[in-house]
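Student: Quick mapping for you: the protein sequence lines, in order, are chains A and B.
Just so it is clear: in the first sequence, position 163 is 163 by the numbering used here, and no numbers are missing.
To get the numbering used here, take the position in the second sequence, counting from 1, and add 1000.
Take the hints with a grain of salt, since some may be wrong.
Taking lysine to aspartate or glutamate pairs in the EDC-like style, the calculated list, with each CA pair at most 20 Å apart, reads [claimed, not checked]:
#1 K1031(B) x D1061(B)
#2 K248(A) x E1236(B)
#3 K1232(B) x E266(A)
#4 K232(A) x D1061(B)
#5 K1031(B) x E236(A)
#6 K1248(B) x E236(A)
A few chain B residues facing chain A, derived, Cβ under 8 Å [said to hold, decoys possible]:
#7 P1030
#8 N1113
#9 T1117
#10 V1231
#11 M1235
#12 G1259
#13 L1261
#14 H1264
Hints are computed from structural coordinates only; laboratory data are not their basis.
For every residue, glycine included, the Cβ atom is placed at its ideal position computed from N, Cα and C.
2 protein chains.
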Amino acid sequence: MDTIHLLVALDQRYLPQLKVLLTSIRLNSPKQRVALYLLHNRFPCAALRQIDAWCRAVGYDFSPIQVEDSLFEHAPVSEQYPREMYYRLLAPQILPDSMERVLYLDPDTLVINPLQTLWERNLDGHLFAAAAHTGKTELVHNVNRIRLGTDCDYFNSGVMLMDLNRCRAEIQTEELFRFVREHAGELVLPDQDVLNALYGNRILPLEDVLFNYDARDYSSYLLQSSGLYNVKWVMEHTVILHFCGRAKPWKAGYMYRFGLLYQHYEQLAGRIWENVNSFEGVLPLNEERACACGKGKSTENPI
Amino acid sequence: MDTIHLLVALDQRYLPQLKVLLTSIRLNSPKQRVALYLLHNRFPCAALRQIDAWCRAVGYDFSPIQVEDSLFEHAPVSEQYPREMYYRLLAPQILPDSMERVLYLDPDTLVINPLQTLWERNLDGHLFAAAAHTGKTELVHNVNRIRLGTDCDYFNSGVMLMDLNRCRAEIQTEELFRFVREHAGELVLPDQDVLNALYGNRILPLEDVLFNYDARDYSSYLLQSSGLYNVKWVMEHTVILHFCGRAKPWKAGYMYRFGLLYQHYEQLAGRIWENVNSFEGVLPLNEERACACGKGKSTENPI
Chain A
1 MDTIHLLVAL
11 DQRYLPQLKV
21 LLTSIRLNSP
31 KQRVALYLLH
41 NRFPCAALRQ
51 IDAWCRAVGY
61 DFSPIQVEDS
71 LFEHAPVSEQ
81 YPREMYYRLL
91 APQILPDSME
101 RVLYLDPDTL
111 VINPLQTLWE
121 RNLDGHLFAA
131 AAHTGKTELV
141 HNVNRIRLGT
151 DCDYFNSGVM
161 LMDLNRCRAE
171 IQTEELFRFV
181 REHAGELVLP
191 DQDVLNALYG
201 NRILPLEDVL
211 FNYDARDYSS
221 YLLQSSGLYN
231 VKWVMEHTVI
241 LHFCGRAKPW
251 KAGYMYRFGL
261 LYQHYEQLAG
271 RIWENVNSFE
281 GVLPLNEERA
291 CACGKGKSTE
301 NPI
Chain B
1001 MDTIHLLVAL
1011 DQRYLPQLKV
1021 LLTSIRLNSP
1031 KQRVALYLLH
1041 NRFPCAALRQ
1051 IDAWCRAVGY
1061 DFSPIQVEDS
1071 LFEHAPVSEQ
1081 YPREMYYRLL
1091 APQILPDSME
1101 RVLYLDPDTL
1111 VINPLQTLWE
1121 RNLDGHLFAA
1131 AAHTGKTELV
1141 HNVNRIRLGT
1151 DCDYFNSGVM
1161 LMDLNRCRAE
1171 IQTEELFRFV
1181 REHAGELVLP
1191 DQDVLNALYG
1201 NRILPLEDVL
1211 FNYDARDYSS
1221 YLLQSSGLYN
1231 VKWVMEHTVI
1241 LHFCGRAKPW
1251 KAGYMYRFGL
1261 LYQHYEQLAG
1271 RIWENVNSFE
1281 GVLPLNEERA
1291 CACGKGKSTE
1301 NPI
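Extracted from the complex, chain A is given alone in its bound form (with noise of 0.2 Å):
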């Protein structure tokens, strides 16, 4: 079976979530082999040995790259558009040239089945794959068309099947940072707005309800399916569940029915995340690997 390469890009306020997805992905691909890389920017050094400690000890590789602040020299930086916003469309230029193929997924997502059916879909040429949610009205779609001037539907950045050499070869870093520039003020979800006025028409559309199930939507997905997509269907078939939106499953007060198997998920990553620090052979850390920077390209590279 092939690797998966798994991409995130996140800072430290994320890292209960990455632990949750983490053993989501873990639990539900239990044979998969998993490469994972972390796009980040002054990622504490205890935080990096923690999950490098966790990927040996499920055989993950572990990458953690710290993007150079040189790469924004010439960005549009600011509270409103942080750098972050810039890493997973700038991805293809900072990972390493031999990798060609990468899944980022936004740390407000839980894997509850296998992802390899993602992993191998074939891109056909497209940039990337990545959902629209269509529980949402045609209204809203509508609204984001016009808004962007698009004419396909309106992707969510939060799960992404990349073809990185399509995008080595496509994405330019300047004309990025314009059209930030020229649009400053009228991007509401900015990496997401940008994503779809650059390359709406290089997107391979997938399935939402199968690999970004707006985890708001119940009601929508189950009525547009005529009753299909019930939640034994979802349990059975739904790969991705995105908690997109203001309200979290780990915030006090969530309402949304597929919370429950997200909070479960926060006790099952806190034990086994723990014991990961009580296996034998698995410390103590190599922390060289973990934190130690080499060089890759435009950016550090700690392997």
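Position chain B against the provided structure of chain A, taking the given hints into account.
Tutor: Okay, now just chain B, sitting in the frame of chain A:
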């Protein structure tokens, strides 16, 4: 950490549910040592081998015990009162004399947090610890009190921690059989009614919201706790969910909210059990261990 001695008593139709239950125990108590005892009558050898292989893979001891027919020579046995209904109450007579304590679980339970706190509960001179379902109305409890002539709560027999030595001293096989014979026709849930009528005042009450949560009664629990026992609280604190009643989450049309968690565990169990068969070093199985029958007390004891 002490080994938890776990007891199940079921026929082969419940093998899928046993797999789910064991998977849930393994994932939620990753470091816990467990010895599993299965009381059965003519469980197929192939199924015993499957359980044996899985137990070896995860480090559990497994003791299938075929209960001898001769034990029921003088028992009232019929379609309505199958011999299996006596298994949990006769377990103290059937299990090896060296065992002091066992935790019985129904196959429609799901363990979602560590069992250790329950296992270590001081039985304080009682025969059993068990929970009454507090989500039921007082009226139901009073009807059961009158019906069975007891003055205690009506305890659910799906989760029972047993002091085996005290049970061996106080539970008489003939008394059980006589009670069933004399009350034939009045018993609604035979084994549970017998437990309550004969031993209701020898049971230490457990908190059902923690150890025998009736998965149908979310709203009652929430109401009785003034909103404390919300979904997040249940995921963090409840140890055993009990999918009791006629509706079952493994059947079509289950409507209650924790069904999705059970259905997710069905997927997890499917993958984890399937992979056991490909584990190096687990196969070939020791067929003698799983199927041969040594001599235990009045029953056949294959270990």
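Student: A separate judgement is required for each hint: does it hold in the structure or not?
Tutor: Hint check:
| no. | hint | result |
| --- | --- | --- |
| 1 | K1031(B) x D1061(B) | 14 Å, holds |
| 2 | K248(A) x E1236(B) | 16 Å, holds |
| 3 | K1232(B) x E266(A) | 10 Å, holds |
| 4 | K232(A) x D1061(B) | 33 Å, violated |
| 5 | K1031(B) x E236(A) | 28 Å, violated |
| 6 | K1248(B) x E236(A) | 16 Å, holds |
| 7 | P1030 | 5 Å, holds |
| 8 | N1113 | 6 Å, holds |
| 9 | T1117 | 14 Å, violated |
| 10 | V1231 | 5 Å, holds |
| 11 | M1235 | 4 Å, holds |
| 12 | G1259 | 6 Å, holds |
| 13 | L1261 | 6 Å, holds |
| 14 | H1264 | 5 Å, holds |
Of the numbered hints given earlier, the model fails hints 4, 5 and 9; all others are met.
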